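The two chains are supplied separately, each in an independent frame; assemble them into the complex guided by the hints.
Protein sequences, first through last, are from chains A and B.
Mapped onto the working numbering, the consecutive letters of the first sequence carry residue numbers 1 to 437.
Mapped onto the working numbering, the consecutive letters of the second sequence carry residue numbers 1001 to 1320.
A hint or two may mislead.
Below, a sample of chain A positions facing chain B; criterion: calculated Cβ distance under 7 Å [what the hints assert, rightly or not]:
#1 Gly-106
#2 Met-110
#3 Phe-273
#4 Pro-319
#5 Thr-324
#6 Phe-412
By construction, these hints were calculated from the structure, which means they are not laboratory data.
Small disclaimer: the values here were computed from a predicted structure and weren't measured.
Glycine residues also receive a C-beta, built at the ideal position from the N, C-alpha and C atoms.
One-letter residues, chain by chain:
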Amino acid sequence: MKILIKNGRLVDPASNLDRVGDVAIANGRIVHLGDQGDFGGFEAERTLDATGLIVAPGLVDLCARLREPGHEHEGLLESELAAAAAGGVTSLVCPPDTDPVLDEPGLVEMLKFRARKLSRCRLFPLGALTRQLQGQALTEMAELTEAGCIGFSQAEVPIRDTLVLSRALQYAATYGYTVWLRPQDAYLGGGVAASGAVATRLGLSGVPVSAETVALHTLFELMRGTGARVHLCRISSAAGVELVRAAKREGLAVTADVSINSLHLSDVDIGYFDSAMRLTPPLRQGRDRDALRAGLADGTLDALVSDHMPVTSDEKAVPFAEATPGATGLELLLSLALRWARDAQLPLQRALAVVTAEPVRVLGPALGSLSASAGRLVEGGVADVCVFDADASWSVTPEALASQGKHTPFAFASSGFELPARVRCTLVAGHVAYEAA
Amino acid sequence: MLSKRNPQLNKHGELIHLLSTEGLPRAIIEQILDTAGSFLSVNDREVKKVPLLRGKSVFNLFFENSTRTRTTFEIAAKRLSADVINLDIARSSTAKGETLLDTVANLSAMHADMFVVRHSESGAPHLIAQHCAPHVHVVNAGDGRHAHPTQGLLDMYTIRHFKKDFRNLTVAIVGDIVHSRVARSDIHALSILGVPEIRAVGPKTLVPGDLRDMGVRVCHDMAEGVRDADVVIMLRLQNERMNGGMLPSSGEFFKHFGLTPDKLALAKPDAIVMHPGPINRGVEIASEVADGKSSVILPQVTFGIAVRMAVMAILAGNEA
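Chain B on its own, in the form it takes in the complex (with noise of 0.2 Å):
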């Protein structure tokens, strides 16, 4: 068969669309963190507007619920002077029957310059990115058990803001890895910048050994998962998966693979706790260890506009 080229990038090399932290060049990966590092102070200024995206419309196209993404990226394309649309197609189009490309198709004809895409279905994304016409810039904000990349680029933000360098780090990702884009965004990312030891922790149900194809270190047992990490990334326990098909009880979860004082004094003193939000307190996390002193997650949603706005600056200026 025909080797694919990567979607994400133009014949040069650069970055067009946002599909996947897969198979992004580590220099790329590292530009994005470093143009969101100087976007950092912008959200410090009183007026918190660069131009960089005037006169360009973002279209917010969120086929599934969510509130925090989407907000986080609307305001960050705002803040970089965007005009932002919000459909809300979950309850729209679709429900009257509309397929994906045809709500596409009519969204391109209004002169949408990007595409931030939610879709319940793993590949969405990479099918809109497809058919859109070749101006259209798409940025996967999260689809179905396959990739969240922002979310993964923000994770990497703040363990490179708090740990400097990857290269000698121990990462734990804890709890229903299987059902996870966070967890495939950051596995990838994290493999691309070096890290030698990715852990992923949970029962069989939800961390499944066939996850060792993606170069991790499958641990069934939380404390050998935690001991003497450097970054513990917890993920949110779905409801769904808490009554009885893949968990008996979110008590007996928490009693074993919830992150309590106790399990985080396995990790390494300095160890920084992480959390894509929003966060299960007593289900997954200890409020003790979320409102703690090694916990990062409300800088990680403060980094999260600044590496948005990074993206989308980034792939404005890059033409298919």
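Only chain A is shown next, with the shape it has when bound in the complex (with noise of 0.2 Å):
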């Protein structure tokens, strides 16, 4: 289909692009952008008139798990795919802790062929590391990136051996694969809530700060002697902001993002016991919250991820220690990345820029023939975008959520938070995958 979006702004961080023009598609692809005019006869089937509106790369989540297979009472690829869709979200990772886990082939490619077939939004699948995430067999890991794995991950489960971790490391080195961790060791994160003021006045059990940095600490030495290339999941703490930034500027092989939960949160919202709240990594202090929004507005956090976790109201009606981690997030990517911004006096770019441009630059060579133009908007590139009206604003109510999953902690009734923007439509490869009503 050729589609023509008409009079937008069209704003991509990647190309420091901000200007008002018309964005061309056929094929799937951007035929033209930029100037206003009939670009040599070309004939739209479809015009979108974007005066007023922003026309920008679609976003590229690196966090957002689908529950499927195995979870669906709590998400289908269905729902989720058609909850990034109406959140801008045209590409994302998803974490291997399906049932069963993603340490297969197969369920690999079916996982990536079903999401194909719905055509909403693509699907960048990480592999499990070690065998059922147990942390003891290493994984057929170029097996799997054949059949689509960009990456290896242990999810949320940390790998306990330090030989295994390093052996780990070396073997994806080897073959230069992103291994993809979120810094927790296993015996200090065990934990509901981090550590502090809040934690001990009601009584729940810590996670300490030193979770997240000791396993920084470890996973630093042991890249330091493989080579091996890191992206670091959900930094929570300022601490661990910090010890990244050294790596970073010691020339160590590391990207890192930040969820949505913990740049706009802290312990203190967890009120009474509002399970809403349990998320993981736990929310932390004021100052950790103070220290990731400075860290990625400097590009020590490269990302800003949804962390997106669907989960039933029974998993959250439990008290708070016993309720399942997680919010969902990926129709609130876009509004958070904006009201961060906004909150920090950036601009426009790097808000977008931490949702697209540098998301994939996280991603790099692993996206293959797509690593040129996702997360942009460029002329012979794929036609993902997302239109969205700047102006507007909006607040949450669970049930108008695509996502199954209906648990927020910005939710209007509880938090009050007011958001920024509404996303009006999204093309995948030329497709349209979502429009506002």
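Laid out in structure tokens, this is it:
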């Protein structure tokens, strides 16, 4: 289908583009970008008037769980990819903690095939780093990569055995695969809330900052020995940000992300045991949140992720410690990126960069031919586009979300959060994947 | 974020649930202690009953085993003429897979007026209070490490009985503070009542430095902790803490942090010694001290019934 997006404000952080113009799309690709006109007889079958709207690259989310296979009561590929499209997300990375775990090429192929059929959002699975995520035996990383995995992860299961971790990094480094790890020490990380005044007062078991910093120190030391490339998932503490900053200064091949929850909330928001705030990593103190915001602004943290995790009401209507951690997030990613930039007085370009060009840079060559055009607006590149109204403001009513997960700390009724920006239209490979009613 | 209203109070600032001593207005604590005082005489009468809760049903929901606390709540409710139903849920419905809220919904359908809840998870009574029918009152009888407000209030009653005024006291709480709901409830109540010095005493594994956030002075030395104290509250040391994870042995703990006559001699001459019970003789407290003239451990139990009567009577008089 030939689509013309007319008269929008074209914003692309990767090329520092910010101008009013048209985008012409044919055969899934952007064939013209910029000046308005008839561009050599382009006959649009569909014209979208983007006057007053922003036309940006589709968002790239480095952490969203779809819950299939194995957890269909929490989320379906169909509902969660629809949520992605509604949030302007055109590519997402999913961790391997499905049931069964993504440690077999066949499973990965099946998942990719089913996602492609839905054509709502591109899906980039992470393969399991160890079989069954048990932290003992390595998976067939090369086979899994051929099947479509873009990196290898332990999801929420830290490797306890340092020798296994070292070998996993060595083996991945052999092929240049990136290892995605959330830095958390298996022993120190057993609590349900961040150690500190709130956890102490509420009598909740704590996760000390050292759970993150001990894991980071271990990882960096092993990276120095193995030359592995590591992406650090969801840094949660000020001390963690500082260690990542030092590692980058040293020249280690490391990138890092932060979740929308840690970027906007702190442990004080737990209030009276609000299970919507039961998250991993746990919400830390205000000073940690401030450091995460600064780290994302200065590039120490490369990307912002939704940390999307659909959870049922039954799994949240239990005492805090027993609640399943996680929150829905795909439909909030754009708004919370813009809200962060607005609060921090950063330009729109930076807000969009942390959810488009920067995550694509994190993915690097693993994206193959897409790495040249995903997360950016470029002539000849894939037409993954998000059209949104930056001036709209909205508040989250959980029932209105496309995701099967209705639990979010940002629900208006409990948080009073007002969010900027609404997605009007999402295009994936030149197809309309979402259009606001 | 929106500031959240204290879920224990209705819009008139009256007590509708007792979930924690944290954030209780001082006037409500004093009202409970005064009311408890008037109930003490009931306990001395030949017919130990008043009709304040006649026709009301009090359900004791103990998701965690307890004999002592459940019994004192049962006695208190019966002395108020309530019908008392004891449910030992640790061994029944949740074992069959029923969720906490389903259990509560079912019991609400049986026209309960008050739930007395004990649960191993911090915050469980808050969850019940949020989801139960509006006319039902929830009393927290101990949740995880979080709170044990009636114990905290009976401790306040005991201190007031023996010391009269809170405003120049030094109170030392000794032992496993980090896992203790009693300690948390005592610390909040003591702060609200104006105690200028509250000390938390024990080894670093049981008394971590971040307890300072609760406004206490942290002491890792028993002599420093009890010196010139007016009140010494000893906590029960749970068996599971003694097996090497947090303490090497009960013997070493007793040697350094157990309350012996020698250590007690460092406190003020008229200091009182309290303990929420059940006591471990020779682990946290020496028999000479537990049975000695400074000990007020048994009066605490007696006051506990009056305080629980007061809490239930006040709750029953307030509407959501």
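Hint-by-hint comparison with the structure:
Interface hint at Gly-106 (chain A): violated, since its Cβ lies 34 Å from the closest Cβ of chain B, which is beyond the 7 Å cut-off. At a threshold of 7 Å, the smallest CB-CB gap from Met-110 (chain A) to chain B is about 32 Å, leaving the interface hint violated. For Phe-273 (chain A), the interface hint holds, the least distance from its beta-carbon to any beta-carbon of chain B being 3 Å, beneath 7 Å. Because the beta carbon of Pro-319 (chain A) sits about 4 Å from the nearest beta carbon in chain B, less than 7 Å, this interface hint is met.
The beta carbon of Thr-324 (chain A) is not positioned within 7 Å of any beta carbon in chain B (closest approach about 13 Å), and the interface hint is therefore violated. The interface hint given for Phe-412 (chain A) is broken, as the beta carbon of that residue sits about 9 Å from the closest beta carbon of chain B, more than 7 Å.
When each numbered hint is compared with the structure, violations occur for hints 1, 2, 5, 6.
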